[in-house]
Amino acid sequence: MKGFDLMAILLSPEFSGMIAHGMEMTLIIFAASWLLAMSLGISLLAIRMLPGRIADALVAAYVSYHRNVPTLVQLMLWYFGISSLLPDTLQLWLADRNGEAVFAVISLGLCQAAYFSEDLRSGLRAVPKGQWEAARALGHSFTGAMSYILLPQAVRNAMPALVNHTVSLFKNSSLAMAIGVAELTHAVKEVESQSFRAFETYFIATVLYLVCSLLLMWIGYHLERRSRMAGAL
Amino acid sequence: MALLQNMIGIVEDNWLLLLIGQYPNGPVGGIAATMILSVLGIGLAFPLSVLMALARISPWAALRWPVTAIVYLVRGVPLLLIILWVYFLLPLLIGAIVPGFVTMVVTLVIYEGAFLSEVVRAGITALPKGQMDAARALGHSHLGAMRYVILPQALFNMIPSIISQFVSTIKETTLGYIINVPELTFAAGQVNNRLLTKPFEVYFILAIAYFVVCWTLTSLANLLERRIAARRARIADSGAEAGGIAAASAGVSRA
Amino acid sequence: MTMLQQTSSRDGASMIQFVGVNKSYGSFQALTDINAEVRKGEVVVVCGPSGSGKSTLIRTVNRLEEIQSGSLLFEGQDVHAKMGSSALNHLRSRIGFVFQSFNLFPHLSVLDNVILSPVKVNGVKRGEARDMALRLLDRVGLSNKAQDYPAQLSGGQQQRVAIARALAMKPPAMLFDEPTSALDPEMVGEVLAVMRSLASDGMTMMCVTHEMNFARDVADRVWFMDAGRVLESAAPDEFFRAPKHPRAQRFLSDLRAR
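Residue numbers (my numbering), protein chains in the order written: chain A, 541 to 773; chain B, 8 to 262; chain C, 1458 to 1715.
Incorrect hints may have been included.
Stated by the list, open to error - Below, in silico cross-link-like pairs of lysine-lysine (PhoX-like), each with a Cα-Cα straight-line distance of 25 angstroms or less:
id	chain 1	residue 1	chain 2	residue 2
1	C	K1577	C	K1602
2	C	K1627	C	K1497
3	B	K178	B	K205
4	C	K1627	C	K1602
5	C	K1577	A	K669
6	A	K729	B	K178
To be clear, the hints were calculated from the coordinates, so they are not data collected in a lab.
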């Protein structure tokens, strides 16, 4: 085994370029799927509050499916399975435009939306019933009570879980490699196979992922602290 | 519907491959391999996780910091990258070729060990502080108290969470696909490569298979959680927390 | 200086009227044939053993609890009639309610707790609401806590803020559901003092409470409830000196024996 030589990778424009592009792709996939997941997660919660049992059952089924089927399988079902059902013109159009990344974002976003909606739902359940009664007793409408009193507290309650699942989403971006997306892990495997320097390459990838994860956790921790009701538990 | 007929046809033709892989003409694969990997993974990870949890709450910083660092490291990096590391390092460390199956087990043990240690830690700290106080007041050492009073209660309360982690482990085995471990996802890939014209049906079957297994286990975990929560509520009400200590202490003659 | 647009007459029109009200939870009859009235400017104290239905009774007034039969009129309007949600919200905004567990909004400062509902429900302009809120907080003795959060206040302080929050809606009547039962004994006095001053300003009040001294000093009428019925309704002097109903007699003697 050759001696540990980080610079062989870092200084090589070809290799560091591949890694940089991989990192860029990881961040793009993460950001896009996070936005999809959060907005869909909130919508799912709103749908759940509609009167009648059908809405609740549908969302419950959605959540159950996405939490019990492995993420990799969901990715493959979208990319290999559902894409084959699309009309040919659409398939060709997507293939030209980084279709793999699109399916990755859709699949990861839809999956994580299930987790986010459950986190928000738990956060909402943790708000004491008296808050709801006080809001209605003062004359607030359902929407008013939700917007000004219940949801702000629900989000604060759900913060730790939301942060955890955000970090999970970030790490799940690596699964996109299985369908050919050139994100960081994919880039790292490529560089390793060309440079034969597995240790250094994996080390760089580990540092990059770790720094990003810790950064996300740190941001989450600070958001939690700032939003925590002063003096509350 | 044609879709359903196709799917039933595929299952009829390939059920053996999906169930046990190419055994006996090859290694065990399919669902059997998935379950073996999961059970081994979480089974071996469990004792490791208990040790790590104890280390993380121990009063000695020399024990706390390294273990905490390891847990943060494993939690901050994608499972896929850990597989790549193990795939690369393990043969070097052992000096022999390591089959993909073993690589996968080792990865799962490391990954689940870290995550499970968080679950165990949470279970221990969720017990009322009075339990430890009472045990020490009776003369137990820290480790003795852990062994006879804290851990038995904590582990029982944590059974639903442990089942949850088991479900996670089953889902993690799918990454064996990347290093050609012949588990269920890999088997499905083989079926798809043979058929080529029905990818949706094949992968939908795959999704349903995992759904059935994981959903059943998750429902079991939820059921147990409700039972255990009810039991804890009754214990707390009757003030019989001390009963746990009395029973545990009865079986101990040394501190 | 009074914040309330009330005449000090104690003999005014009917404010809250129960007519043959019945309420049940499944097979359990919580309220049976309630016929009673709170007039404008009156202070009514509802007392009785636990489980008698006092809290349920007061919660039907602003429809936090539904009734199965009978009618409940507030300012002549049927509270339990079929109505749209905005009509019910408007009605509730005119009935002040103080909870046993205060229920302040923990994510808002004390001042914002008081300002929120006048602004969002009554459409009061924020600046005006702020001035009113500060005056109300001053009235309950907590203007120095305006920027604090509920978790930083004691129970007695939180309940006083809750009273200010309810008053900010300028309701013609205030309902109190065991306002001091969750407080440590040394804080009960400060809350009762606020309630006394409200009463002397002529506010129409209905209070469920165990504080018999308050009832004796401040109430115009005492309603005694047991097992879902109003068994006796009398002026406090009369009630405490010589209760007519045997169960009321037993209740008072149990209280005195403590």
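How the hints compare with the structure:
{"no.": "1", "hint": "K1577(C) x K1602(C)", "verdict": "holds (23 angstroms)"}
{"no.": "2", "hint": "K1627(C) x K1497(C)", "verdict": "holds (15 angstroms)"}
{"no.": "3", "hint": "K178(B) x K205(B)", "verdict": "holds (24 angstroms)"}
{"no.": "4", "hint": "K1627(C) x K1602(C)", "verdict": "holds (22 angstroms)"}
{"no.": "5", "hint": "K1577(C) x K669(A)", "verdict": "holds (21 angstroms)"}
{"no.": "6", "hint": "K729(A) x K178(B)", "verdict": "holds (23 angstroms)"}
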